[in-house]
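Asker: Listed below, chain by chain, are the residues.
Number of protein chains: 2
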Amino acid sequence: MSGHKELLRAYENFEADVRLPDSPAALYDPINYILSLGGKKLRPVFSLLAFQLGREPDQKALTAAYGIEMFHNFSLVHDDIMDHASLRRGNPTVHMKWDEATGILSGDQMLILAFKAIREASQDLSVLERFEQMSTEVCEGQRMDMDFENGKNINEEDYLEMIRKKTAVLIGFSMWVGAKLSGLSNSICEELYRFGSEIGIGFQIMDDLLDCYGNEKFGKRIGGDILEGKKTLLYLRCFNAASAKDKKRMQELTTGDHSEEEKIEGMLAVYAKYGIRESVEATMHHYFDHSDQIGHGIAAAKEINPEAFERLSTYVSVIRERAV
Amino acid sequence: MSGHKELLRAYENFEADVRLPDSPAALYDPINYILSLGGKKLRPVFSLLAFQLGREPDQKALTAAYGIEMFHNFSLVHDDIMDHASLRRGNPTVHMKWDEATGILSGDQMLILAFKAIREASQDLSVLERFEQMSTEVCEGQRMDMDFENGKNINEEDYLEMIRKKTAVLIGFSMWVGAKLSGLSNSICEELYRFGSEIGIGFQIMDDLLDCYGNEKFGKRIGGDILEGKKTLLYLRCFNAASAKDKKRMQELTTGDHSEEEKIEGMLAVYAKYGIRESVEATMHHYFDHSDQIGHGIAAAKEINPEAFERLSTYVSVIRERAV
Numbered sequence: 096m097s098g099h100k101e102l103l104r105a106y107e108n109f110e111a112d113v114r115l116p117d118s119p120a121a122l123y124d125p126i127n128y129i130l131s132l133g134g135k136k137l138r139p140v141f142s143l144l145a146f147q148l149g150r151e152p153d154q155k156a157l158t159a160a161y162g163i164e165m166f167h168n169f170s171l172v173h174d175d176i177m178d179h180a181s182l183r184r185g186n187p188t189v190h191m192k193w194d195e196a197t198g199i200l201s202g203d204q205m206l207i208l209a210f211k212a213i214r215e216a217s218q219d220l221s222v223l224e225r226f227e228q229m230s231t232e233v234c235e236g237q238r239m240d241m242d243f244e245n246g247k248n249i250n251e252e253d254y255l256e257m258i259r260k261k262t263a264v265l266i267g268f269s270m271w272v273g274a275k276l277s278g279l280s281n282s283i284c285e286e287l288y289r290f291g292s293e294i295g296i297g298f299q300i301m302d303d304l305l306d307c308y309g310n311e312k313f314g315k316r317i318g319g320d321i322l323e324g325k326k327t328l329l330y331l332r333c334f335n336a337a338s339a340k341d342k343k344r345m346q347e348l349t350t351g352d353h354s355e356e357e358k359i360e361g362m363l364a365v366y367a368k369y370g371i372r373e374s375v376e377a378t379m380h381h382y383f384d385h386s387d388q389i390g391h392g393i394a395a396a397k398e399i400n401p402e403a404f405e406r407l408s409t410y411v412s413v414i415r416e417r418a419v
Numbered sequence: 096m097s098g099h100k101e102l103l104r105a106y107e108n109f110e111a112d113v114r115l116p117d118s119p120a121a122l123y124d125p126i127n128y129i130l131s132l133g134g135k136k137l138r139p140v141f142s143l144l145a146f147q148l149g150r151e152p153d154q155k156a157l158t159a160a161y162g163i164e165m166f167h168n169f170s171l172v173h174d175d176i177m178d179h180a181s182l183r184r185g186n187p188t189v190h191m192k193w194d195e196a197t198g199i200l201s202g203d204q205m206l207i208l209a210f211k212a213i214r215e216a217s218q219d220l221s222v223l224e225r226f227e228q229m230s231t232e233v234c235e236g237q238r239m240d241m242d243f244e245n246g247k248n249i250n251e252e253d254y255l256e257m258i259r260k261k262t263a264v265l266i267g268f269s270m271w272v273g274a275k276l277s278g279l280s281n282s283i284c285e286e287l288y289r290f291g292s293e294i295g296i297g298f299q300i301m302d303d304l305l306d307c308y309g310n311e312k313f314g315k316r317i318g319g320d321i322l323e324g325k326k327t328l329l330y331l332r333c334f335n336a337a338s339a340k341d342k343k344r345m346q347e348l349t350t351g352d353h354s355e356e357e358k359i360e361g362m363l364a365v366y367a368k369y370g371i372r373e374s375v376e377a378t379m380h381h382y383f384d385h386s387d388q389i390g391h392g393i394a395a396a397k398e399i400n401p402e403a404f405e406r407l408s409t410y411v412s413v414i415r416e417r418a419v
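Going line by line, the protein sequences match chains P and R. Using the numbering used here, read the first sequence as starting at 96 and increasing by one per residue. Using the numbering used here, read the second sequence as starting at 96 and increasing by one per residue.
In isolation and in its complexed conformation, chain P is listed as follows (with noise of 0.2 Å):
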């Protein structure tokens, strides 16, 4: 029985042990490129830990673990190209350092290597059926967050069905896919989905937060969000509460000619004004809640390992304990 700690070592020591072709150097440099740059391989170990309710994490739990962590890298490496990023993980994006041709066929063919993980992991179609799935939902997701940035009108819920699709069914899948490979029964296995998407999007709307609220211990840069513009749940929020002259100052303050500092400080001066911090807060916390209530009827599951259950809710404290 290992914690998260020891489970990220173990995965970090099996996907070291991987060996990609040395040639075409142009395709696979780029894949140990993105790989080598670390993160907090969230979603290796949200699997290896729901694997290990049903028993300890073998071979097959650690091939599974890295076809996840290679379809997320597969999906920043081609939203980097998309999003014109130029960082990533404080260095240089794949198509920066190399370029968008390299990015784009890199990408693509980690995405083929996520499915070949996939299947080798569980010898099982149903498994690979909710692979597709997962992954056409976080393609609709993506799309749907570049059209809210072209400028699409969206309420809450528009908002809220993207970061469901763009990021939350793949920490659902994560769970989903380890607690089945480890042999326990599909209702248990559908729990840690809901449980897993439920934190997902409980995550996304904390990113949110910490964006406009976080410190700098977390090495994000304060009103990121802001100065880019993009539409998170606070602006959404605020904007819909917010009386014609405040809306007026908000459209202002992303697209006027001011200083970053002014664009922060006034539109946190909006946000304030309407109680949003809190109210988003509210929010989170009920994602949160919720995913709390779906992992105590988990816990009381005959089938799974209480201890094992325990450790999969550290894991969830230790990530929640950054939110604001």
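Possibly wrong hints are sitting among the right ones.
Heads up, the list lumps identical chains together, so a pair's fine if it works in one copy or across two of them.
Stated by the list, open to error - Restricting the straight-line Cα-Cα distance to at most 25 Å, the calculated cross-link-like pairs of lysine to any residue (SDA-like) are:
| id | residue 1 | residue 2 |
| --- | --- | --- |
| 1 | Lys247 | Asp194 |
| 2 | Lys325 | Arg259 |
| 3 | Lys325 | Ser118 |
| 4 | Lys325 | Ala120 |
| 5 | Lys155 | Asp219 |
| 6 | Lys192 | Asp178 |
| 7 | Lys192 | Leu130 |
| 8 | Lys247 | Asn127 |
| 9 | Lys247 | Tyr123 |
| 10 | Lys247 | Ile126 |
| 11 | Lys247 | Pro116 |
| 12 | Lys368 | Glu224 |
| 13 | Lys155 | Leu220 |
| 14 | Lys155 | Gln228 |
| 15 | Lys100 | Tyr308 |
| 16 | Lys155 | Ser221 |
| 17 | Lys247 | Met191 |
| 18 | Lys155 | Glu215 |
| 19 | Lys155 | Glu224 |
| 20 | Lys247 | Ala121 |
| 21 | Lys247 | Asp117 |
| 22 | Lys192 | Phe243 |
| 23 | Lys192 | Asn248 |
| 24 | Lys155 | Arg225 |
If you're looking for bench data, these hints aren't it; they were derived computationally from the structure.
Dock chain R against chain P, hints included.
Answerer: Then chain R, alone, in the frame of chain P:
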């Protein structure tokens, strides 16, 4: 028992009946668009003709054919971005009609849909494994092609390996999966893979020849490859055979300041001096002859329907008649 025209019609009806989701429109519209541009649907027809060697094509056969065509179109959409191509089948490429981000994301979704169709059709993990291998080779082939265009020195062996991966393995897979799903033995399936791969290499060499010596009937602009400075088999073979002076002339014709007509006429004159057309035609015929040889073996197998093999051969000949 159907000939290639009936199978093409059956395939086109099937494709037209598939309903992708309506939303997000900017994810699915480009997929409908690229499929609707038509093209010869060579790969689905090959797959259905190979299926017919065992028995009459059914929904399963059509679903696999659809997966193959979806994969082919995924690679076209992404390649067109990487190659900065503005036209495809006489119409704007996806990234020109929409934008690059749309081409990347809809292409990703097409790759996922291809995996889904192959899974639904086959319900067989070994078919999915083969599909992963083929997909990986296509990515490797595209990477080699880009490396060559970016100035990497290559010989004929490298070139042939590149076109094998980029083009031929998908033709081979199309026939392999058709035969496999119709229940033929593994050894016949492997022979069909070799048969299709050899034909695929022959077709690609034929395309290189048609670009220089074809006629307008085939809708290809004569000399397009020369104007683009593409390293075709004709160019490579000529460059290797040429005197130092003619090597310089070839490079000068590629990069120097000449009219289009001067470039094309000039290069064709160098090719003529070294008998390149005849020599490359002989290489093409070598691959077609080899495929004929493999075909004789397949035709003699007891388990296949000989009339169906006639129909497959007829279709190969129809495509080959385009040859110079």
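Asker: For every hint, state whether the structure bears it out.
Answerer: How the hints compare with the structure:
| no. | hint | verdict |
| --- | --- | --- |
| 1 | Lys247 / Asp194 | between (30 Å within a copy, 17 Å between copies) |
| 2 | Lys325 / Arg259 | within (17 Å within a copy, 46 Å between copies) |
| 3 | Lys325 / Ser118 | between (40 Å within a copy, 22 Å between copies) |
| 4 | Lys325 / Ala120 | between (36 Å within a copy, 22 Å between copies) |
| 5 | Lys155 / Asp219 | both (12 Å within a copy, 19 Å between copies) |
| 6 | Lys192 / Asp178 | both (16 Å within a copy, 19 Å between copies) |
| 7 | Lys192 / Leu130 | within (14 Å within a copy, 33 Å between copies) |
| 8 | Lys247 / Asn127 | between (37 Å within a copy, 22 Å between copies) |
| 9 | Lys247 / Tyr123 | between (37 Å within a copy, 17 Å between copies) |
| 10 | Lys247 / Ile126 | between (34 Å within a copy, 21 Å between copies) |
| 11 | Lys247 / Pro116 | between (43 Å within a copy, 19 Å between copies) |
| 12 | Lys368 / Glu224 | neither (47 Å within a copy, 58 Å between copies) |
| 13 | Lys155 / Leu220 | both (15 Å within a copy, 16 Å between copies) |
| 14 | Lys155 / Gln228 | both (21 Å within a copy, 20 Å between copies) |
| 15 | Lys100 / Tyr308 | neither (28 Å within a copy, 65 Å between copies) |
| 16 | Lys155 / Ser221 | both (16 Å within a copy, 18 Å between copies) |
| 17 | Lys247 / Met191 | between (28 Å within a copy, 21 Å between copies) |
| 18 | Lys155 / Glu215 | both (8 Å within a copy, 24 Å between copies) |
| 19 | Lys155 / Glu224 | both (18 Å within a copy, 17 Å between copies) |
| 20 | Lys247 / Ala121 | between (37 Å within a copy, 12 Å between copies) |
| 21 | Lys247 / Asp117 | between (44 Å within a copy, 16 Å between copies) |
| 22 | Lys192 / Phe243 | between (28 Å within a copy, 20 Å between copies) |
| 23 | Lys192 / Asn248 | between (35 Å within a copy, 23 Å between copies) |
| 24 | Lys155 / Arg225 | both (17 Å within a copy, 20 Å between copies) |
In terms of the numbered hints stated before, the structure departs from hints 12 and 15, listed from lowest to highest.
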